[in-house]
Amino acid sequence: MEAPIRAREILGFTLLSLLFFVCRSSPSHNLLISNAERRIDLSSHIVKVYLTLKVENAGSTPTSEILLAFPPTQVDHLATVEALVTKGKRKKTTIVHLDVKPTELPDAPNETKYFTIYLANPLNSGESTTLEVLYLFTHSLEPFPAEIGQSESQLVFYRDSALILSPYHIKQQTTFLKAPSTKVESFTRVEPTNRAGTEMKYGPYEDRPSYSFSPILIHFENNSPFPVVEELVREVEISHWGNLQVTEQYTLVHGGARHKGVFSRVDYQSRPSLNGVSSLRYLLARLPPRVHSVYYRDEIGNISSSHLRTDSRKSELEIEPRYPLFGGWKATFLIGYGLPLQDFLFESSDDRRYLNFTFGCPLLDTVVDKLTVKVVLPEGSKDPSAVVPFPVEQHFETKYSYLDVVGRTVVVMEKKNLVPVHNSHFQVYYTFKPMFMLAEPLMLTTAFFLFFVACVAYLHIDLSIPSMSPRNLPKFRLKYHSPPEIPQITPRHTATFVCRRLPPSVLTLHHPTAGGGCHLISHLTIGPPPCCIMLSLLLLSNSHSLEILVEHLFVAPSP
Amino acid sequence: MTTVTNMPLSDLLKSFKLKTKQQELLIRVSILCLVYILAFITRLFSVLRYESMIHEFDPYFNYRTTLYLTQNGFYDFWNWFDYESWYPLGRIVGGTLYPGLMVTAVLIYRILHFLRFAVHIREVCVLTAPFFASNTTLVAYFFGKEIWDTGAGLVAAILIAICPGYISRSVAGSYDNEGVAIFALLFTFYLFVKAVNTGSLAWSLASAFGYFYMVSAWGGYVFIINLIPLYVLVLLITGRYSMRLYVAYNCMYVLGMLLAMQIRFVGFQHVQSGEHMAAMGVFFLMQVFYFLDWVKHMLSDTKLFQAFLRITVTCAVVVGTIALGLGMLSGYISPWTGRFYSLLDPTYAKDHIPIIASVSEHQPTAWSSFMFDYHILLFLFPAGLYFCFKRLSDATIFIVMYGLTSMYFAGVMVRLILVATPAVCLISAIAVSATVKNLTVLLRSKNKGVLTGSTKGSSSSRASSKALLDQSQPFQKNGAIALLFGAFYLLSKYATHCTWVTSEAYSSPSIVLAARGAHGNRVIFDDYREAYFWLRQNTPVDAKVMSWWDYGYQITAMGNRTVIVDNNTWNNTHIATVGRALSSYEDEAIEIMRSLDVDYVLVVFGGVTGYSSDDINKFLWMVRIGGGVFPVIKEPDYLVNGEYRVDKGAAPKMLNCLMYKLCYYRFGEMLTEYGKPPGYDRARGVEIGNKDIKLEHLEEAFTTSNWIVRIYKVKPPNNRW
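These protein sequence lines map, in sequence, to chains A and B.
Once you know that position 536 of the first sequence is 536 in full-length UniProt numbering, the rest is easy, because the numbers rise by one and skip nothing.
Once you know that position 165 of the second sequence is 165 in full-length UniProt numbering, the rest is easy, because the numbers rise by one and skip nothing.
Source of the hints: derived by calculation from the structure; they are not laboratory data.
Do not take every clue at face value.
To be verified - Restraint-style ranges between C-beta atoms, simulated for each label pair:
#1 Leu-378(B) to Lys-330(A): 27 to 37 Å
#2 Asp-462(A) to Ala-202(B): 11 to 21 Å
#3 Pro-716(B) to Val-387(A): 52 to 62 Å
#4 Arg-28(B) to Ser-312(A): 47 to 57 Å
#5 Tyr-282(A) to Asn-718(B): 37 to 47 Å
Stated by the list, open to error - Straight line, CA to CA, 20 Å or less: simulated SDA-like cross-link-like pairs of lysine to any residue:
#6 Lys-691(B) to Asn-706(B)
#7 Lys-171(A) to Pro-209(A)
#8 Lys-715(B) to Phe-390(A)
#9 Lys-399(A) to Asn-617(B)
#10 Lys-713(B) to Gly-149(A)
#11 Lys-653(B) to Asn-617(B)
#12 Lys-713(B) to Lys-382(A)
#13 Lys-691(B) to Pro-71(A)
#14 Lys-54(A) to Glu-65(A)
#15 Lys-260(A) to Ser-330(B)
#16 Lys-715(B) to Gln-150(A)
#17 Lys-694(B) to Ile-590(B)
#18 Lys-19(B) to Asp-267(A)
#19 Lys-171(A) to Pro-204(A)
#20 Lys-713(B) to Gly-261(A)
#21 Lys-260(A) to Asn-718(B)
#22 Lys-713(B) to Gln-150(A)
#23 Lys-296(B) to Glu-275(B)
#24 Lys-260(A) to Lys-653(B)
#25 Lys-694(B) to Asp-267(A)
#26 Lys-101(A) to Pro-122(A)
#27 Lys-399(A) to Ser-385(A)
#28 Lys-433(A) to Thr-398(A)
#29 Lys-715(B) to Gly-261(A)
#30 Lys-694(B) to Lys-171(A)
#31 Lys-19(B) to Lys-171(A)
#32 Lys-715(B) to Gly-149(A)
#33 Lys-382(A) to Glu-347(A)
#34 Lys-676(B) to Val-266(A)
#35 Lys-416(A) to Val-392(A)
#36 Lys-260(A) to Glu-696(B)
#37 Lys-493(B) to Phe-475(B)
Beta carbons: idealized from backbone N, C-alpha and C, even for Gly.
Make the full structure from the sequences, and use the hints.
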C-alpha cells in the first residue's frame, strides 16, 4: 500500500519543482564574479572567513540581490554572515553594512543553502562592485585523534572546499588558510597549492563555473582551548531604585579533543608547557564599566579564584574554574554583578522607558550553543517589547521576587549558536509608573504598623474567656465590726466593715442570704489580722440598692 | 518667654515619664531584644569570614535531605530510599533520621516564601542554627525567671547567648540536629519545671509537645527521658511528692511517649528499649505513690499503714523486677546499646566499639576544653550550686540535677559539653545574679544608713548604735564596690573570651581551609570542593566512590555520586570492609573493590599542605575497625615497635598497603619545602619511605591543586587474550 503512495508523492514533487523551475527567473546568469579572495583564519576554534568579492553585472537588467551559497554541512555551523561595501577613495572611505538574509531557492543542487545580500544601490548592467563578506563557523574543527592524553597536543581537521561555492561563474579565485602554528600534519593538494609557514594558499584558479566544489582536508595542531558554553542563561533584573542586577548561569565545556586516561597533577604543575597545553585554565569576561558586587560561584558555593580589574572604560573579570578543564570536562558556574541603572536605562521620546544592554556572552572567544536572555521588568510595568538586531525567539514569563504580589514581567529571548560578534545591543521598551516604586515600602510600613498595633491591642485587651469561677466576679468587701452583729448594708456597692481581734483563719460563714436581686455566694476569704472578710457577690440585676443579710456569723473556737 | 514654653514641655515630659515598674519592663524587654540580636550576629563570623555555606560533615546530609524535602514534599521524603549511599545496601532515609531539623527549615522556608521573601533554601539552612540559638536565649530567660528571678533570667540569657560551648554547634552554617535540639531540650525542661511549679495540665501538655519536638530533632532526647524520671525520683525520696508533680509527670510522660512513637526512627523504643525503662518504672512508681497516699488518707491507723506500705512496696518492686526480667529474657526489651554504655563508662567504647572511639568528638573531655568552652562559668558553676542549695525548691533541685548529670556526661564526651552548657549558664547566672543583688542591696542600704545617720546626728541611743554600725560600713561598702568591679571585670573578660573563641576557633567551615601565606596574606585551600565538583561534573552519573566514611555525606551532597559508606555509621561490617580494602595490598584490595562495584577511590592527603587531619593520620582507625571484623588485618603489622610511622623505618605492610600507595603516589617526585628532600611529608614532618610507587589496578584520575584530595579510577579488568 505504501509504495504507490510514495511514488505518487515523488511524482507530485517532481512536477511541482519542474513548475517552479519553469516559472523562476534566474538571476544567477546575469552576474559573475570577476575576482574572489578568501582568507580563512583557523587560529581559534571559531573559524573566521573573510571573503572579498568583485561582482560584475553581465546581464541587461539592474539587480540588487547577490547570493552566497553554503554547503549544508557548513550552514549548520554558520554563526553569522555580514557583508559590507566600502565607498569612496583613499581616506574618505565609508563602510556601509548591507542586509543579509537567508533565502530558500527551490532548485538548489545538493541542498545548498543560500544567503542573499541586498545592495544599497542596484547594480546596473556592466557595473561592478566590491563586497566584503565575513562569516564565522563554530564547531567546525574536528579533533583527530578524538581522545588525547595529558601530554599530547591537540590536532584537528578542517574540511572545506578549495573552490568557493557560488551560484555564479568565478573568473579568478584564491583561498588562503591560516593555521595557528607551523605544525600542519597534512593538507589536500589541489594544484596550484603552496604552503608558506602557517599559511596555505589554494589557487589562483581561473574560470570556474558555478557550483564548483573541490573538497579539501587540513590536519593541523590547534592547542587553543575550545571553550563552548552549552547553555547560558542571562537574567537582567531592573530595579528602579538605581540598580541593574545581572546573573549569568553558564554550562561550560571544553569542546576539544577528549581527555583520556590519567590526570597527573605533578606533571601538570611542574611542566606546564608540555602538559595539558590545550587545557582551559582561565577565562576572561569583559563586563561593562562601573560594575559592582561581582560574585562567581556554583551550586556548592563560592569559587575563590577570580580577579576583577576595573577602569573607566571597561571591567575585566578573570575567572578560573575550580579545576583546569581538559577536553570533554564540564563546569557549571554562575556570575553575578550589579550595574548602575543610569548607564542602561533611558527614556524614549514617547514617554516609555527602555533598557539598552548587550545581548551576547561576555566571555571572550567563546561559542554559545544556546543563549537565553531574560529581562525582568519591575513590578507594575506594562506593554513590554524587545528590539533585537537579529532574529530571536521571544516569549513572556512571570517571576516572583521579594515582596511581589502580582509578579514581574519577564521578557525571554532565546538564540542558538552565538559568537562574540553577536555582542550587540538590544532594547526592551516598557511603560512604568513611578508610583509602583512605592508599593513595596508602603507594604512593609503597613505590615510593621499593623504588627505594632496588634502588639498594643494585645497588651490592652483582655482576651481571656470570662469563667464562672468566683475569682472573676465583682467583689464587695465587707469590713465587719466587733462585737459580731447582724449587719445591714446600706445600698452602696462597697460596704466596708472592720473586723478586729478575731482569731485568724477560723471564721466560717453559715447560710448567708442576700435579697434585692442579689445572690450571695458563700465564698469567704480571710486575710491576716486585722481580719477582712471578703464576700463575693454576684449581681443579678443592675439595682442601685443593695441589702445583704448575713444570718449567722459563726466564730469557731480556736483549737 | 522661655518659662512659658518650658512649662508645658516639662508637663509633657512628665506625662511621658514612666512608672518604675514600666521602666523596669522597658529595660528588661530591650535587654532581651539586644541579647536576641547579639546571639544571632555573634554566630555570623563564619559567613563574614568565608561565605554562606554549610559546614562540616553531617550538616551536608541534613542539607541534602532538606533539599529533597523542598523539592519532593513530605511524603516522598518520609518514604525516601536513598540509593546513593551505602552501596549496594542503600539507606531508608525516612526511617533512619530525625526529621525535626529538616521539617523546621522547610517550614521556615515556606513561611518566608509565603511572605514573598524569595530566599534560597541554603540560606535558610545556614541561618537555622543561629535563629534557634536566639530563641534559646529567650527560653533561658524564662527558665531563669522560673527557677530564681528575672535578674537571673536576664543574666542566663546573656551568658548562653555567647557561651562558646553552645556557639561551637550553632554558628551559621552548622546545620546540624544539635542546632535546634538544644533549644528543644531547654524548652522542654522549662515547660516541665513550669508544669511542676504550677501543677497545670496545660503546661505539662506543652512540655509533652516540647518533648515531641526534641524527639523529632535529636537522639539526645534520651537524656530528657532519663533525667526527668530521675528528678521525679529524687523529689519522691526527699518527700517533695505533690499533686502538681503527679499531674506534670504523668501527663508529660504518657503524651510525650505516644507522640514520640510517631517518629519512625524512634518507633516503639519507649516501651521496648532498656534506655527508656527508667521513665516507665517511675511512671508506675508514681501510681503506687498516689495509691499509698489515698490509702494513708483513708486509714487513720499509722501502724496498719506501715504494714500496708511494706507489703505494697515489696509487691511493686517484685512485680517490676519480674516484668523487667521477663521482658529482657524474652527479648521484648532490648538491652542498653553500646553508645549508652559508653556514656556511663568512658572506657567502654575504646575496648568494644572502635567506630565510636574513632570519632574525635567522642573523646573524653580535657580540662582545657572545659576552660575553653566555659571560661568563668566553670568557677561560677559551684557558686551557683551553693545558692541553689541555699534556696532549695522543686525548680532549683531540677536545675541542680540537670547541671550535675550533664557535667558528668560532658566529662565523658567532648560533644556533650553542648548539653551541659544551658545548665551551666543557668546555674552560673544564679550565682552572678544573687551575688550582684546581695552586693547592691548592701550598697543601697548603707547609703540610706549614712543618710539617716548624718541627718539625725547623735542625739538618741538609737542613732549612736547606728553610728557604730556606720563605722563598720566604709570597709564593707568598699569591699562590695571592689567585688562588684571584680564581677564586672570577670564578666567582661568572659565576653571578650567568647568573642575571640567564636571568631578564631568555631567559625571555620572545615570544608574550606584558610592559612596565612608567606607575606601574611590569606591563602584559601578550597580543595575539597574542587574535588567534589570535579566528581559531580566529570564522572558518570552512576559512578560509585569509595572513601573513608568521614567524607561520605559530603560526596553525596556536593559530588552527587554514590558512596559505599558514609557518616551514618549504621553498618559496622560495611565500614570494616572498606577499612580492610584500604589497608590491604593493592591486588587484595582490587578484589574487594570489584566486589563492591567501586569506580573511584577518594583519599584525603595533607602531605603537601601540612593538613594534619588526613587519611594517613586516620589510618590506624581504619586498620582497627577493619581488624575488628576481619581478623586478617592485624594492627601490629602496621606498627614498628608499637610506633606508627611512614618514613623509611615504617613496617613493610604499611609501606605497601593501598592507602599508603594512594596517598603517596608520585609524591616522591614532589618538592614540598625548601631545603628538604623530595617527598617530604609536611603533615608528619618526615621524608616518606616508599617513593617508587607503582599502581597496577588503579590510575590517578584527579588530584586537587594542593593535593588535599586525590581521586583514583579503578581500571577495568585486562582482556584475557
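Hint check:
no., hint, verdict
1, Leu-378(B) to Lys-330(A): 27 to 37 Å, "violated, 53 Å"
2, Asp-462(A) to Ala-202(B): 11 to 21 Å, "holds, 18 Å"
3, Pro-716(B) to Val-387(A): 52 to 62 Å, "holds, 56 Å"
4, Arg-28(B) to Ser-312(A): 47 to 57 Å, "holds, 55 Å"
5, Tyr-282(A) to Asn-718(B): 37 to 47 Å, "holds, 39 Å"
6, Lys-691(B) to Asn-706(B), "holds, 19 Å"
7, Lys-171(A) to Pro-209(A), "holds, 8 Å"
8, Lys-715(B) to Phe-390(A), "violated, 50 Å"
9, Lys-399(A) to Asn-617(B), "violated, 51 Å"
10, Lys-713(B) to Gly-149(A), "holds, 15 Å"
11, Lys-653(B) to Asn-617(B), "holds, 16 Å"
12, Lys-713(B) to Lys-382(A), "violated, 56 Å"
13, Lys-691(B) to Pro-71(A), "violated, 58 Å"
14, Lys-54(A) to Glu-65(A), "holds, 14 Å"
15, Lys-260(A) to Ser-330(B), "violated, 61 Å"
16, Lys-715(B) to Gln-150(A), "holds, 17 Å"
17, Lys-694(B) to Ile-590(B), "holds, 14 Å"
18, Lys-19(B) to Asp-267(A), "violated, 79 Å"
19, Lys-171(A) to Pro-204(A), "holds, 10 Å"
20, Lys-713(B) to Gly-261(A), "holds, 9 Å"
21, Lys-260(A) to Asn-718(B), "holds, 17 Å"
22, Lys-713(B) to Gln-150(A), "holds, 16 Å"
23, Lys-296(B) to Glu-275(B), "violated, 33 Å"
24, Lys-260(A) to Lys-653(B), "violated, 32 Å"
25, Lys-694(B) to Asp-267(A), "holds, 16 Å"
26, Lys-101(A) to Pro-122(A), "holds, 17 Å"
27, Lys-399(A) to Ser-385(A), "holds, 17 Å"
28, Lys-433(A) to Thr-398(A), "holds, 19 Å"
29, Lys-715(B) to Gly-261(A), "holds, 10 Å"
30, Lys-694(B) to Lys-171(A), "violated, 65 Å"
31, Lys-19(B) to Lys-171(A), "violated, 106 Å"
32, Lys-715(B) to Gly-149(A), "holds, 16 Å"
33, Lys-382(A) to Glu-347(A), "holds, 15 Å"
34, Lys-676(B) to Val-266(A), "holds, 17 Å"
35, Lys-416(A) to Val-392(A), "holds, 9 Å"
36, Lys-260(A) to Glu-696(B), "holds, 17 Å"
37, Lys-493(B) to Phe-475(B), "violated, 26 Å"
Hint compliance for this structure: hints 1, 8, 9, 12, 13, 15, 18, 23, 24, 30, 31 and 37 are not met, and every other hint is.
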